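**Student:** Each chain sits in its own coordinate frame; assemble them with the hints.
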Amino acid sequence: MAQISEKLLPSSTRARQHETIVDEDEYRRQRRAKLERIGKWLMPLVVLVLMIWFWNRIVTVNEIPHYILPDPVLVAATLAADLALLWQALLVTLKITVLALLVAVIGGVGLAVLFTQSRFVEMSLFPYAVILQVTPIISIAPLIFIYVDNRTVGLLLCAWIVAFFPVLSNTTLGLNSVDHNLRDLFRIYGASRWQQLLHLQLPSALPYFLGGLRIAGGLALIGAVVAEYVAGTGGIGSGLAFTILEAGYRLNIPRMFAALLLIAATGVVIFLVLSLLSHLLLHKWHESAVKREV
Amino acid sequence: MQDSDQSNGDLLLAMQGVGKTFGTDVEALRDMSLDVHFGDFVSLLGPSGCGKSTALRIIANLISPTRGRVVWSGDNRQGSVGVVFQEPTLMPWASVAKNVWLPHRLSGISMRQARPKIQQCLEIVGLEDFSDSYPRELSGGMKMRVSIARALVTNPRVILMDEPFAALDEITRFKLNYDLLKLKENVGCTVIFVTHSVFESVFLSNRIAVMVARPGRVFEEVAVDEGYPRDESFRTSSNYAAYCRKVSESLRQGIEAST
Ligand SMILES: Nc1ncnc2c1ncn2[C@@H]1O[C@H](COP(=O)(O)OP(=O)(O)OP(=O)(O)O)[C@@H](O)[C@H]1O
Ligand SMILES: [Mg+2]
Numbered sequence: 001m002a003q004i005s006e007k008l009l010p011s012s013t014r015a016r017q018h019e020t021i022v023d024e025d026e027y028r029r030q031r032r033a034k035l036e037r038i039g040k041w042l043m044p045l046v047v048l049v050l051m052i053w054f055w056n057r058i059v060t061v062n063e064i065p066h067y068i069l070p071d072p073v074l075v076a077a078t079l080a081a082d083l084a085l086l087w088q089a090l091l092v093t094l095k096i097t098v099l100a101l102l103v104a105v106i107g108g109v110g111l112a113v114l115f116t117q118s119r120f121v122e123m124s125l126f127p128y129a130v131i132l133q134v135t136p137i138i139s140i141a142p143l144i145f146i147y148v149d150n151r152t153v154g155l156l157l158c159a160w161i162v163a164f165f166p167v168l169s170n171t172t173l174g175l176n177s178v179d180h181n182l183r184d185l186f187r188i189y190g191a192s193r194w195q196q197l198l199h200l201q202l203p204s205a206l207p208y209f210l211g212g213l214r215i216a217g218g219l220a221l222i223g224a225v226v227a228e229y230v231a232g233t234g235g236i237g238s239g240l241a242f243t244i245l246e247a248g249y250r251l252n253i254p255r256m257f258a259a260l261l262l263i264a265a266t267g268v269v270i271f272l273v274l275s276l277l278s279h280l281l282l283h284k285w286h287e288s289a290v291k292r293e294v
Numbered sequence: 001m002q003d004s005d006q007s008n009g010d011l012l013l014a015m016q017g018v019g020k021t022f023g024t025d026v027e028a029l030r031d032m033s034l035d036v037h038f039g040d041f042v043s044l045l046g047p048s049g050c051g052k053s054t055a056l057r058i059i060a061n062l063i064s065p066t067r068g069r070v071v072w073s074g075d076n077r078q079g080s081v082g083v084v085f086q087e088p089t090l091m092p093w094a095s096v097a098k099n100v101w102l103p104h105r106l107s108g109i110s111m112r113q114a115r116p117k118i119q120q121c122l123e124i125v126g127l128e129d130f131s132d133s134y135p136r137e138l139s140g141g142m143k144m145r146v147s148i149a150r151a152l153v154t155n156p157r158v159i160l161m162d163e164p165f166a167a168l169d170e171i172t173r174f175k176l177n178y179d180l181l182k183l184k185e186n187v188g189c190t191v192i193f194v195t196h197s198v199f200e201s202v203f204l205s206n207r208i209a210v211m212v213a214r215p216g217r218v219f220e221e222v223a224v225d226e227g228y229p230r231d232e233s234f235r236t237s238s239n240y241a242a243y244c245r246k247v248s249e250s251l252r253q254g255i256e257a258s259t
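As you go down the protein sequences, you meet chains E and V in turn.
In case it helps, this note's numbering puts the first sequence at residues 1 to 294.
In case it helps, this note's numbering puts the second sequence at residues 1 to 259.
Only chain V is shown next, with the shape it has when bound in the complex (with noise of 0.2 angstroms):
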């Protein structure tokens, strides 16, 4: 699906010094710099209110940043970026396929070229036999795989997630970290992701930005040496409580050299 190798490790974007400031005195973001790679799964772990959200809709470019600037790798970004947010937003009205289709509706491409796709789409999300299936009619897990599936659509460069699974639970939000994992190795996309679950972030990435609140900025970057493909049994690894433990350091230091 992605012309990119995962493993060529190129740099896909960059924040360089990005600062946020909402009206006067609301400073959500101050001097963000990340490098995102090719391939990469970085995830931005922090209390609340630290501005992961706010440094998300700035890399979607729905927000401009007050200072510093986003660089991406090539020049044409346009439908390079895929998005899930926490809640699946998908619209009531369409059906699981019409709201996959959305995003190439929205670029004139008709049902019936875009249908390949979409259909590739839930299968990889493993919902192909719901395409007629209305979201009312969907678990809160379901949703959440259509709305990623939307994201993957596109074959954008990277997909940003905020807090995707954060509303489901655990047993669930376990199966679809596991998934989410096995797609990014199938399809070999490159992930943002937002979390506030320490657990979570260790699992999935191999580059964690630990943020700090007030104002909103990366206290640490931590890195996670653990190759992929990554099963279930790496969550009882004694690495993964390792990294846990780190990471969890790292984020209380952050709390208290904020306060």
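One chain only, chain E, in its complex shape (with noise of 0.2 angstroms):
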């Protein structure tokens, strides 16, 4: 009788399986989950164009002259027509943000290290990585300017110093949170500092670090942007920011906006990558880039 029950059971389950009988609660939360995945992209559009919609009636219906609130019909033909140009000056904008989050992983990464591999070293160097932050930077990016006569290494330091921060605390909090059980393991089998490093720390400090770096990549750009603001006079070579600074001094409102939108454009595109990185790098094994099926 057993046996044959059990050979029973896997065809009917199967055969249920065709059926696709589903109970009125599993068919609402089916019908939740697709609409939240369409409603994720949706939403956002729909305010998107709502919002454009708004501020064209408002132009249009007030008489606004374009030197204070242009359409965005305009900015778009802007955007457009000023491209070659703004898009010299993004590329010297995201040299100038990438190369500062490369610096900013190497340095906070390396502190973090140096941290733990010696307390004295986190006890004298931490208060003044605090302090380095916050100071905004606003206030310290001039007298930069002072002293560093390159103008691309000035702007590379402001960057780096308002990206670095993140990198360094989530990767030293990481580095220290290992179970102490696998250290424990560790130990009895006699790992080097380097193996325990190597081996045990940097993994677990890995989604942490992503986490830092999610923050410092948009701290950099900003950085870039408020250091070429203070960094001014450009000509030839200049970023974003400095076009914004320009075209505000020749009332061309409409380039202004376009290069905003650059920037903002930049911003999220950093964010997504990081994103993606992240997502590449820890979906096999973290909690938080497992999806979950129910």
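Zero decoy hints are in this set.
Using C-beta positions, here's what the derived DEER-type ranges look like:
hint : chain 1 : residue 1 : chain 2 : residue 2 : range
1    : V       : 235       : E       : 121       : 51 to 59 angstroms
2    : E       : 102       : V       : 128       : 39 to 47 angstroms
3    : V       : 129       : E       : 107       : 40 to 48 angstroms
4    : V       : 115       : E       : 130       : 43 to 51 angstroms
5    : V       : 129       : E       : 287       : 21 to 29 angstroms
6    : E       : 24        : V       : 109       : 52 to 60 angstroms
7    : E       : 107       : V       : 179       : 44 to 52 angstroms
8    : E       : 124       : V       : 129       : 46 to 54 angstroms
9    : V       : 63        : E       : 173       : 25 to 33 angstroms
10   : E       : 102       : V       : 109       : 32 to 40 angstroms
11   : V       : 139       : E       : 193       : 32 to 40 angstroms
By construction, these hints were calculated from the structure, which means they are not laboratory data.
No experiment lies behind these values; they were computed from the predicted model shown.
Ideal Cβ positions, reconstructed from N, Cα and C, are used throughout, including at glycine.
**Tutor:** Written out as structure tokens, the structure is:
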């Protein structure tokens, strides 16, 4: 008897799957999930369209002159017309941002590793890292441009100061939150300091580091833009921030908007790229990157 | 797997008057003496805070005793200890095979060289088909099995287990108890096993050190003179019930004596 029912069981479940009897609750849940999947993209788009339409109405109805608030259509047209110029500026800003982020990663991770290797180094240096972080960059930047001759190096320095702290503090936190039983295990098997760092601390810190990196990406862009504002004069080879300043002097408001749009888009792209990186590195094992079925 | 014969009963290690005081006033362990012979399955049984984990950590050389010492037969005790904690303690970023590889990896043995041994240990715990899975894809009991495979992979002279099955449901725990006994017979290893459960300790061990707290010490050693192999029928035998009664009684007396 037992054998027969066991044999029957799989085919009967299969049959049930074919009929796809879905109870009321399950049906509603699936519907909600589907709506949410579409809504995640659709809703922001609807809001965007509504805002642009509203913006357009305000400008047209009130007959606001374009040197005060340009029509969205005009902004789009300017973006297209000035694309070559804006693109050049974007590349300059992007270069500073990416370089600063790179140096922030090297500096932040390097310093964090140093901190975990020596408590004394951490004790001596950490307060100054905090001070550097809490001092507004806008107040340090003018000084930097007095002492640093090379414009690019100055810009890089400013962006780096803003971006490196989240990498440092998150990585330090991650390196220190190793499971203590795993640490004991490594000690029992006679792991060297280097092995412990490589095989235990760095992998444990990876999710924390990636969280810090995502914040740092946005901050590097902010740092680069702020520094450019302070650095001022640019001429050839100046970035988006300077383009905005210059357009402001000339009351070319549509171009200001177009440049602003590009900066915002750049920030979004940086965030998406870093999120993708994070997903690729973590999706196999870390809870934060694992999609739950139910 | 093990050179030694489990029945020869030579002395493997001896704790001699071991005491541990944390800070200046927390006396976690007082004057503990315990002989462990090859092939023994010794349980440390006692209430929370009686120094069971402290004793294991001293044997594993993770902390040093304040008084007394642990003497090992032979000289080389490097790599002679395998450990299983209450949590599986796996590296979530590494596959099952890589987790089991860890002890060898840390002593510089490549995956290619270690692969047969890893596969063998995974077979012993019944997980040979899961070597490429990640820990998060496994159930609690399976993770524990990986942890045991990792402890076996170096052919340790003794395996230390600190309440390994305490977090599992009873059905899984019984199954793993039974599998652990089978494994012990096949591999012929020596086990020191920490537990809160009278039933678990009687089922598994040939000796039980009943411990009491404040300060932590061994109150009494109870021998379970029931040969191996044991199977599930032992659980329902009258001998088993008698031993459980004896150990529970000892535990009660110990707690009474210490308060
Ligand atoms: N590192 C430490 N520093 C200070 N006190 C400690 C330390 N480790 C353990 N103790 C204390 O020593 C005593 C014994 O601890 P231990 O962990 O050995 O108990 P246990 O028998 O394993 O208890 P449990 O069953 O709860 O795991 C406890 O009172 C505990 O608070
Ligand atoms: Mg304990």
